[in-house]
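Chain B: place on chain A using the hints.
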Amino acid sequence: MTGRGHETLEHTADMGLRGWGVTPAEAFEETALAMFDLMIDRRGAGAEIDFTLSIGGRDLTGLLIEFLNELLSLSDVEETAFVSVRIEKLQGGGEEWELDAVIGGIPRGKCRKRLLSEVKAATWYGASVDREGDGRWVADCVVDL
Amino acid sequence: MKVQVEKIGEFLWEIPRSGRMLVPGRIYADDDSMKFLLKESGAKQWDALAQVRNVACLPGIVGASMAMADIHPGYGFPIGGVGAFDPGEGVVSIAGVGFDINCGVRSMLVDVAKERIELNRERVAEELFNSVPAGLGSKGAFKLSVPEIDKVLTEGAAFALERGYGVEEDLEYIEEHGTVGGADPSAVSRRAKDRQLKQVGTLGSGNHYLEVQYVDEIYDSEAASAFGLGPDGIVVSIHTGSRALGHQIGTDYQSVLRNASHKYRIPVPESELIAAPIQSPEGKQYIAAVRAGINCAFANRQAISGLVREALKRLFRLKDNEIRTLYEVGHNNLKMETHDTVEGRRNLLIHRKGATRAFAAGRDDVPARYREVGQPVLVGGTMGTSSFILVGTEQGMVDTFGSSVHGAGRVKSRKQALREYRGEDVINDLAGSGTLIRTRSRKGAAEEAPGAYKDVERVVSIMEGAGVSRRVARLRPMICIKG
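Sequences listed follow chains A and B, in order.
Throughout the first sequence, residue numbering follows the numbering used here, covering 1 to 145 in sequence.
Throughout the second sequence, residue numbering follows the numbering used here, covering 1 to 483 in sequence.
Isolated chain A, as found in the complex (with noise of 0.2 Å):
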């Protein structure tokens, strides 16, 4: 793995998402962008427009799931693809985890061409983040497709 990345994991009925970094906004970065990668092709694709987002949750693990269904909402909701996410602040300890991010986005009706496929929902089956030995943080999720 190299300093910050995503890939696909095997599931057989549906799809696991990994992302790692040097911290644990750069995986949370890194995993939202693998689950882009299921929505729509990136390749070459410049934001248009930009969302911004904060959402809390009870640990690492609970702040992602909850981060990365935000980000399936507000897709539908605003009826954009998302092509980039830069994650502002992520912070917290305990039983409170707090998360800051602005979304990158096209209109769906500026790139049908290039939507793939629909994902219904970050599960918990699966997910995790963790600190390698390395030093590197890694985020686990299934997403149901």
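Hints are not guaranteed to be accurate.
Claimed, not checked - Subject to a maximum C-alpha distance of 27 Å in a straight line, what follows is the list of computed DSS-like cross-link-like pairs (lysine-lysine):
id, chain 1, residue 1, chain 2, residue 2
1, A, LYS113, B, LYS139
2, A, LYS110, B, LYS139
3, A, LYS110, B, LYS143
4, A, LYS113, B, LYS415
Keep in mind the hints are simulated off the structure, nothing from the lab.
The structure presented is a predicted model; accordingly, all values stated were derived computationally and were not measured.
Just chain B now, kept in the frame of chain A:
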């Protein structure tokens, strides 16, 4: 840790009760299928047998934690999983319903000669493709307001019918007549409703489809005759669910049920298998929300069936009575049902996650026209392969709470399928064997390649061999529309 199984019948295996299991696990499989499941068990992160075992640990489970022959790993429950719970002592689990609440199949009989479809295959495909919104971000036939969505959630199929989609007779042939009681729109978030405003009447993507099929084999002429199926008869099947509203209900209640699991000290053998006591405020609220999601799926399929009906009427100058709903039944459901158990007749909350209700002859829930033979069980194959119509049996009522398979069941992950197949090749190969595929996503076609699924013939044979359901007819696809 590898799960231990014992063979207790030609097509039935048991995970004996041990540890925190309250009941045994029961899996319908032949020797080869079980060999595959055991190879995966303990070796891979996603383990369907371990999921059967974990469900057996949930409080109030009755009889056994079961998996039908299309078993494969899900999240929490296996796909193909069935779990019955005592309404007093038991729990309701989000993993036993999933995020596509009441995903299911509607099959319609169309009185048009097979040759006419063959001669006009491209035109029919084009007309259906243009008539039924499909794929990521597609918009439905009508744009609704939130108060109108609330009506969708309580009225189900009747909502779409009132707006001119389909005919009154359709309702007779939908599970629950297309509307379940006890749905509470106030248990559904504003966000869920907002996501659905433009999605009623959309097919979706992934494994959802619309197929024009013909009857190529009849196994049970009495049941086939009752269902209206004859050789070369044309059937149109729609596979879709509750769309974004269902997804959002699942998402919203993840945290509610997670907190409830903690509050009521429910043992959660794995992170997604969260649950709430059926009688708790959280459990009741979740059930009321799921029922709203069930109605949303009924409305969605009714709307799409109306679009299909109009397209076929235009194409072939058909009258309304030349298109009849054969049946519609869900396979991601939560239902309160009455079953005869060793302890007598009981009301039970049945979870079916990728499993179809399969009631035997004589039940009031089966439409009068079919009551002497049993309920049609609609089993979708994979894109381009056969689908089956089965019928429920008395043995199934006893052994599986009246449940059977819902499809072929994946054996290869989407990632593996993408490595092995090219969408264009899949589409060309299927065209060569007589199935015209229309899709917006070639990647999706590769993911859904027939080789990524179990052989549906084997899956239905296992259920028939076990006596749980019986084959009535096999359907071959002629046109397949995907999102």
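Hint by hint, work out which the structure violates, then give me just those numbers in ascending order. none
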